[in-house]
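Work out the full structure: start from the sequences and follow the hints.
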Amino acid sequence: MDQPSLAGRFLDELRAIVGARHVVSHPEDLLVYEYDGSIDRRAPLAVILPASTQEVSRVLALAYREGVPVSGRGAGTGLSGGAIAAPGGIQIGFARMNRILEVDTVNRTATVEPGVVNLDLDMHAHKFGLRYAPDPSSQRACTLGGNIAENAGGPHCLAYGATTNHVLGLEVVLEDGAVVSLGSLARETPGYDLRGVFVGSEGTFGVTTRIVVRLLPLPETVKTFLGIFPDLDSACTAVSAIIGYGIIPAALEMIDALSIRAVQNVMDAGYPPDAGAVLLVELEGLREEVEDTSREVEAALWEGGAAQVQVAEAAEHRAKLWLGRKNAFGAFGSIAPNYFLVDGVVPRTKLTQVLRQVSEISQRYAMPIANVFHAGDGNLHPIMLFDERVPGALEKALAAGGEILRICVEAGGTLTGEHGVGLEKKEYMPLVYTPEDLAAMKLARDAFAPANRLNPGKIFPDGQDHPPSPHRAAPGLYA
Amino acid sequence: MSLNAGSGFTGVDAPSPADLSRCVHCGLCLSACPTYTTLGVETESPRGRIALMKAVQDGRVGITPRVVGHWEMCLQCRACEAVCPSGVPYGRMMAATRAQVRTQGRQSAMVKGAGRLLLRGALPHPRRLRLGAGLLRLYQRCGVQWLVRSSRVLRLLPGGLAQLEAALPALSRSFFGPSGETHRALGEKRLTVGLLSGCVMPLMQADTMRASVRVLILNGCDVVVPLGQGCCGALNQHSGDLEYARRMARRNIDVFLAAGVERIVTASAGCGASMKEYHELLQDDAEYAEKARRFSELTMDITELLVSLPFAAPTARLERRVTYQDPCHLAHAQRITAPPRAILQAIPGVELVEMEQASMCCGGAGIYSAVQPELSGQILERKLGFIAETGAEVVATANPGCMMQLEQGLRRKGSTARVCHVVDLLDEGYRGEE
Numbered sequence: 483m484d485q486p487s488l489a490g491r492f493l494d495e496l497r498a499i500v501g502a503r504h505v506v507s508h509p510e511d512l513l514v515y516e517y518d519g520s521i522d523r524r525a526p527l528a529v530i531l532p533a534s535t536q537e538v539s540r541v542l543a544l545a546y547r548e549g550v551p552v553s554g555r556g557a558g559t560g561l562s563g564g565a566i567a568a569p570g571g572i573q574i575g576f577a578r579m580n581r582i583l584e585v586d587t588v589n590r591t592a593t594v595e596p597g598v599v600n601l602d603l604d605m606h607a608h609k610f611g612l613r614y615a616p617d618p619s620s621q622r623a624c625t626l627g628g629n630i631a632e633n634a635g636g637p638h639c640l641a642y643g644a645t646t647n648h649v650l651g652l653e654v655v656l657e658d659g660a661v662v663s664l665g666s667l668a669r670e671t672p673g674y675d676l677r678g679v680f681v682g683s684e685g686t687f688g689v690t691t692r693i694v695v696r697l698l699p700l701p702e703t704v705k706t707f708l709g710i711f712p713d714l715d716s717a718c719t720a721v722s723a724i725i726g727y728g729i730i731p732a733a734l735e736m737i738d739a740l741s742i743r744a745v746q747n748v749m750d751a752g753y754p755p756d757a758g759a760v761l762l763v764e765l766e767g768l769r770e771e772v773e774d775t776s777r778e779v780e781a782a783l784w785e786g787g788a789a790q791v792q793v794a795e796a797a798e799h800r801a802k803l804w805l806g807r808k809n810a811f812g813a814f815g816s817i818a819p820n821y822f823l824v825d826g827v828v829p830r831t832k833l834t835q836v837l838r839q840v841s842e843i844s845q846r847y848a849m850p851i852a853n854v855f856h857a858g859d860g861n862l863h864p865i866m867l868f869d870e871r872v873p874g875a876l877e878k879a880l881a882a883g884g885e886i887l888r889i890c891v892e893a894g895g896t897l898t899g900e901h902g903v904g905l906e907k908k909e910y911m912p913l914v915y916t917p918e919d920l921a922a923m924k925l926a927r928d929a930f931a932p933a934n935r936l937n938p939g940k941i942f943p944d945g946q947d948h949p950p951s952p953h954r955a956a957p958g959l960y961a
Numbered sequence: 269m270s271l272n273a274g275s276g277f278t279g280v281d282a283p284s285p286a287d288l289s290r291c292v293h294c295g296l297c298l299s300a301c302p303t304y305t306t307l308g309v310e311t312e313s314p315r316g317r318i319a320l321m322k323a324v325q326d327g328r329v330g331i332t333p334r335v336v337g338h339w340e341m342c343l344q345c346r347a348c349e350a351v352c353p354s355g356v357p358y359g360r361m362m363a364a365t366r367a368q369v370r371t372q373g374r375q376s377a378m379v380k381g382a383g384r385l386l387l388r389g390a391l392p393h394p395r396r397l398r399l400g401a402g403l404l405r406l407y408q409r410c411g412v413q414w415l416v417r418s419s420r421v422l423r424l425l426p427g428g429l430a431q432l433e434a435a436l437p438a439l440s441r442s443f444f445g446p447s448g449e450t451h452r453a454l455g456e457k458r459l460t461v462g463l464l465s466g467c468v469m470p471l472m473q474a475d476t477m478r479a480s481v482r483v484l485i486l487n488g489c490d491v492v493v494p495l496g497q498g499c500c501g502a503l504n505q506h507s508g509d510l511e512y513a514r515r516m517a518r519r520n521i522d523v524f525l526a527a528g529v530e531r532i533v534t535a536s537a538g539c540g541a542s543m544k545e546y547h548e549l550l551q552d553d554a555e556y557a558e559k560a561r562r563f564s565e566l567t568m569d570i571t572e573l574l575v576s577l578p579f580a581a582p583t584a585r586l587e588r589r590v591t592y593q594d595p596c597h598l599a600h601a602q603r604i605t606a607p608p609r610a611i612l613q614a615i616p617g618v619e620l621v622e623m624e625q626a627s628m629c630c631g632g633a634g635i636y637s638a639v640q641p642e643l644s645g646q647i648l649e650r651k652l653g654f655i656a657e658t659g660a661e662v663v664a665t666a667n668p669g670c671m672m673q674l675e676q677g678l679r680r681k682g683s684t685a686r687v688c689h690v691v692d693l694l695d696e697g698y699r700g701e702e
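Just so you know, the sequences run in chain order A and B. All residue numbers for the first sequence refer to the working numbering, where the first residue is 483 and numbers rise by one. All residue numbers for the second sequence refer to the working numbering, where the first residue is 269 and numbers rise by one.
Just so you know, not all the hints are guaranteed correct.
Said to hold, decoys possible - Pairs of lysine-lysine residues, derived as BS3-like cross-links and limited to a Cα-Cα distance of at most 30 Å, are as follows:
| # | chain 1 | residue 1 | chain 2 | residue 2 |
| --- | --- | --- | --- | --- |
| 1 | A | K609 | A | K802 |
| 2 | A | K878 | A | K832 |
| 3 | B | K559 | B | K457 |
| 4 | B | K457 | B | K380 |
| 5 | A | K878 | B | K322 |
| 6 | B | K681 | A | K609 |
FYI, nobody ran anything at the bench for these hints, they're computed from the structure.
Set out below in structure tokens:
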């Protein structure tokens, strides 16, 4: 704030739009808005908490006029720095726009505001025998607006697809404050599928203010299997066996020994402490169908070399098994003060090979790396565990993460399955895209946000207006 | 920037760096926090409050009135702790943080005043309390309260005090208290238990205390209410007056361990949570560390004990539509949610209807309703809405503070729903058999 009077006038105008109580601007208060769930940090100039599309539009128009960059913030649970403000930028927080506006049980849709918590929508839909399928591990706190920005996934996206497969229509405010509608209630839209390109644009195309999502009927039967394995290799073999039977489970999750230890440190999720790995397999559908597939899943788990197979049908038992998986990232706090999580994707057939390479990296860096991930779609989540207070530890973790991403790409995979690129992975984009590819992406962005005022500096490696932190010169990239 | 590299935390009673580093700021606590979900600003979220602790620890910001304000806004309901995937011990971090605020003289005037008047001046002194309560009972019963309430005197009081006056439940007709005598088990004796009498319960919920004794002896417990015991010190601990809380803990440890009981039982969730953590409070006290550990191990909530015995289900019917409000310090601090429900469901005729967000704080939170009347009221309002949706005629809970807060809120709304403790209903079930 080298020109406090200018900033002061700007803030006063913001206060006039949303009310003084809904502008957070005191430096001490902004300390709690400088992070999300990942490791980058930067305090915004202010956080604005609007209550309506009109207010969002007016805030954006004002920021546009003043040349101030804007980032959206739901619950700040993101894992790639998507909600972190650009230098001198403001955040628009959606905590007050959290109403479920309508559930249409006939057409099976819900209309919600962007600040609605993912799980709240799902639980609300349950009252009508319906569900909202995408279930990121942070679903208890994360919001629909953020889910759309990141095209969030989750364990059950194996069978049902990620967020984009569940979004029908959006009301979006563009960088200059213009309000537009994308998609529609109909399943097909004439013209360009702008809804499709918007979902996953990480807050760089526009700010979502209203969302129409698809709801699905609750399954008749749900069955969860816990396969307990002596090591990661045998669990990977079982994954291949399940796929080999032609089964697509609702979810297929792998949890390795270190992750089991972290989870069991904090809660009893029912994972045996001495297991080398566990697989969570969930089947959903009509009773007869689930029964048939169950036999094959059990056979595949034994074929892979399971030491034990447990079956959970009671909701309470299933919830316990899932609680461990969904809380796994946070549970690493019980082992190390910091973690750095990468979101690489590999073809399922390369799982065993890549996990061995990850283990080799862990040894070479003398840094514990845990694996808890969506085995069904090859979406790895190697987690470097470290203590940032130890000099050089953060750099080491970033370097190890960089190497892992490179291995994923070499194995025919990519950088991110569901967390977004944001600040975290932007330096790695050249691993998977040519300069021409990246230029084409920028053309798409320019169509929505020609002035690049929305979440600038994210996604693209050359973000002038969001210089990488000193430790972010793509460590590990060119090792 | 007005951020000044302040003194940070000093002395022994400070949040430990190990505890602070356990928070990985994943944000999964946000949706569990009553103040965040009510106000929608992250300064009033658990993650935000921890970030401010870290910032103070790192010298990025001082213990300024603004920072203190955010910490004081915390209900200490510990809902965040129960959902935290990293197992961050938020309760003790906030208590230690408030200890810093207190010792460095940075408390707000309201909290400082309440600390002096209530937490040091009243609660720890059974005789003073009894005398005060006696006068208050006189005030309530001889018409003075009616006079005060119908006059405009209350409008002259600051908001917190007027709210406090409104929150005063009718005092019990006759008080309960430690007697030293043993209430003998009926039937075969299974255990000898020591019952905590506590500070406000024997004066305001004496009937619940008597019901507790009755249900325990009916289920084979010899019950002693040892003389010399006092308030558990939970509210002092929550406010950061750890020194005084330790003094109160030592007194109870001495009294109950000398009584030779096999279990120490309380009908107050808040007291139970604090007593189960005496070993943490006194871990650096060479003389008391081991005794505190024993005391904590013996402590059980009354619903927990009854279910573990197990208790006998009443045979008489009690036709009631009941909803259960989880006390925060039972559900979150002690992680006890099933036993109270099991007791309610064991009473023939009781229909248990779950309210939405049953384990979300009611806004009572010890002295919170007095020091943060506005926010406490907003949080209560939401709770009352969920209660109304159930159509329940009885709201059962297991903590004196919740009982007072809900009672006050329901009366203000003109609701006829009755508020009681789970053991009150169990006791009525048994009495129906007579």
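To see whether the hints hold, each was checked on the structure:
1. K609(A) to K802(A): holds, 22 Å
2. K878(A) to K832(A): holds, 25 Å
3. K559(B) to K457(B): It holds: about 26 Å lies between the C-alpha atoms, which stays within 30 Å.
4. K457(B) to K380(B): Violated, because 47 Å separates the two Cα atoms, which is more than 30 Å.
5. K878(A) to K322(B): holds, 23 Å
6. K681(B) to K609(A): holds, 28 Å
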